[in-house]
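Q: Construct all of the structure, not just a fragment, from the sequences and the given hints.
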Amino acid sequence: EPEVTQTPSHQVTQMGQEVILRCVPISNHLYFYWYRQILGQKVEFLVSFYNNEISEKSEIFDDQFSVERPDGSNFTLKIRSTKLEDSAMYFCASSERLAVNTGELFFGEGSRLTVL
Amino acid sequence: AQSVTQLDSQVPVFEEAPVELRCNYSSSVSVYLFWYVQYPNQGLQLLLKYLSGSTLVKGINGFEAEFNKSQTSFHLRKPSVHISDTAEYFCAVSPRNSGNTPLVFGKGTRLSVIA
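Residue numbers (the numbering used here), protein chains in the order written: chain R, 1 to 116; chain W, 1 to 115.
Mixed in with the good hints, there may be bad ones.
As the list claims (entries may be wrong) - A few chain W residues facing chain R, derived, Cβ under 10 Å:
no.: 1; residue: N41
no.: 2; residue: S80
no.: 3; residue: I83
no.: 4; residue: S84
no.: 5; residue: V104
Since the hints were derived computationally from the structure, they do not count as laboratory data. Computed from a predicted model, the values in this text were never measured in an experiment. The C-beta atom is built at its ideal place from N, Cα and C for all residues, glycine as well.
A: Structure representation (structure tokens):
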């Protein structure tokens, strides 16, 4: 069964360092997303991506964050200069175009980021 | 804007007992409603969804949920739980006909099934 894969599963970094989280969405999906969950809090939307550009982003997704689909299979989230409050589980998700309005997203296992 | 409240952060229940996980939402427009489940060390996966029609929807693994518009609720139920149901459960909403507006999730409810 096709699945979304994320790497790394866990990353520990020092405050101020750059971090890149990687995702391989399901191959025939066209919409891609990043969500995050700070421990004990809600799963929060960060950004959605379609046709090689950001289609929507939340207020969390500030200038420190960027996304890229560099090679047609990977979908990356970069945090330029990490802060302590960026510590969270980051989830990548993808969906088929027709599923966009019905919310059926397919999620990866998550990448846990710990900023020290 | 939409918001989702899951009233219980943790629910312990004995094996073969019934369980209800509560979800309330707030929205100024009509919504689609979802429950996602996250088993240990796995990603979130869709458990069930309400789009239209019958307010009682059935999902995988014997779960069902009932949409109650007047109470703005979408509680998840299972009549008899198994150890394998131990997981984190997330309620989510999406406004209807909204293009690419993303899902809004609740905080999640950790269901722990005790043998």
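Q: Compare the structure with each hint and give your call.
A: Each hint tested on the structure:
1. Here the hint on W:N41 is kept, as its CB sits about 7 Å from the closest CB of chain R, short of 10 Å.
2. Interface restraint check: W:S80 against chain R, minimum CB-CB distance 27 Å, threshold 10 Å, status violated.
3. This hint is violated: W:I83 has a C-beta 21 Å from the nearest C-beta of chain R, more than the 10 Å allowed.
4. With a least beta-carbon distance of about 18 Å to chain R, the hint placing W:S84 at the interface is violated under the 10 Å criterion.
5. Because the smallest distance between the Cβ of W:V104 and any Cβ of chain R comes to about 7 Å, under 10 Å, the interface hint for this residue holds.
The structure fails to meet hints 2, 3 and 4 from the earlier list, while all remaining hints are met.
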